[in-house]
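For the record, the sequence lines run as chains Z and S. Residue numbering for the first sequence is 1 to 114, as defined by this note's numbering. Residue numbering for the second sequence is 115 to 226, as defined by this note's numbering.
What the hints contain is simulated information worked out from the structure, not anything from laboratory work. Glycine residues also receive a C-beta, built at the ideal position from the N, C-alpha and C atoms. A couple of the hints might just be wrong.
Stated by the list, open to error - Cross-link-like lysine-lysine pairs, in silico, DSSO-like; alpha carbons within 30 Å at most:
| # | chain 1 | residue 1 | chain 2 | residue 2 |
| --- | --- | --- | --- | --- |
| 1 | Z | Lys-56 | S | Lys-127 |
| 2 | Z | Lys-41 | S | Lys-127 |
| 3 | S | Lys-127 | Z | Lys-68 |
| 4 | Z | Lys-56 | Z | Lys-41 |
Said to hold, decoys possible - Counterexamples of contact, computed for chain S against chain Z with all Cβ distances above 12 Å:
| # | residue |
| --- | --- |
| 5 | Ser-141 |
| 6 | Arg-169 |
| 7 | Arg-181 |
| 8 | Gly-198 |
| 9 | Ala-206 |
| 10 | Glu-214 |
| 11 | Leu-215 |
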Amino acid sequence: ELKVEQNPLFLSMQEGKNYTIYCNYSTTSDRLYWYRQDPGKSLESLFVLLSNGAVKQEGRLMASLDTKARLSTLHITAAVHDLSATYFCAVDTLTQGGSEKLVFGKGTKLTVNP
Amino acid sequence: KAGVTQTPRYLIKTRGQQVTLSCSPISGHRSVSWYQQTPGQGLQFLFEYFSETQRNKGNFPGRFSGRQFSNSRSEMNVSTLELGDSALYLCASSEGSTGELFFGEGSRLTVL
């Protein structure tokens, strides 16, 4: 059974600092997704990583995927308060019958303090 | 393009009742998935439908069921509600090529 582990689960950081969130998964997959969730809201898609070595950047966030290490990272550069949210990684596993389902990590609650 | 629409957004039920939640996917998306989100268990996969067929089901009891219509709209039903069914139920649609899911705002169910 695929397991997805994120760390840290809670992250409090100061504005202007850099930090990395890690996402490890237990079985072979080459599709990984990052989502953001604000309190009381739904999930917003941030990045879609579809191959080994994939790197995507949007603003102060950069995501990468190493399928051999079964590891994805979400790097935050010069954090600002607006980045405060919960970030989830999710791994796709193509199941029998051709359907795909995502297995989510438990999420990293990021708080950026002034 | 309109996003994924879920109704109702909030509802309160009592134990033993049943509930039906509705989801309209993004136009052109044929795959619809349902997830349950709770503080304790996080996001858990319920089931996925494609062209009116359930392609995959998560580890939930038979009280949880769903269906998809020919226009790709989907419903999920929970019968004999239990307190532990209180959760945010999220519907997501996908156009299939990348596996990326687009989520609706969710239906927040409270069971008293």
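Here is what the structure says about each hint:
1. The straight-line distance between the Cα atoms of Z:Lys-56 and S:Lys-127 is roughly 43 Å, outside the 30 Å bound, and the hint therefore fails.
2. Using a Cα cut-off of 30 Å, the hinted pair Z:Lys-41 and S:Lys-127 holds, with the two alpha carbons roughly 21 Å apart.
3. In summary, the hint linking S:Lys-127 to Z:Lys-68 is not supported, as the alpha carbons are separated by about 47 Å, beyond the 30 Å threshold.
4. Taking the CA atoms of Z:Lys-56 and Z:Lys-41, the gap is near 24 Å; set against the 30 Å cutoff, the hint holds.
5. Every beta carbon of chain Z lies more than 12 Å from that of S:Ser-141, the smallest distance being close to 17 Å; the non-interface claim holds.
6. With a least CB separation of 3 Å from chain Z, S:Arg-169 falls inside the 12 Å interface cut-off, contrary to its annotation.
7. No Cβ of chain Z approaches the Cβ of S:Arg-181 within 12 Å, the least distance being about 15 Å, so the stated non-interface status holds.
8. Every Cβ of chain Z is farther than 12 Å from the Cβ of S:Gly-198; the closest lies at roughly 18 Å, confirming the non-interface assignment.
9. A beta-carbon of chain Z comes within 12 Å of the beta-carbon of S:Ala-206; the shortest separation is about 8 Å.
10. Remark: the non-interface label on S:Glu-214 conflicts with the geometry, its nearest Cβ contact in chain Z lying 5 Å away (cut-off 12 Å).
11. Chain Z draws S:Leu-215 into its interface by the beta-carbon criterion, the shortest separation being 6 Å against a cut-off of 12 Å.
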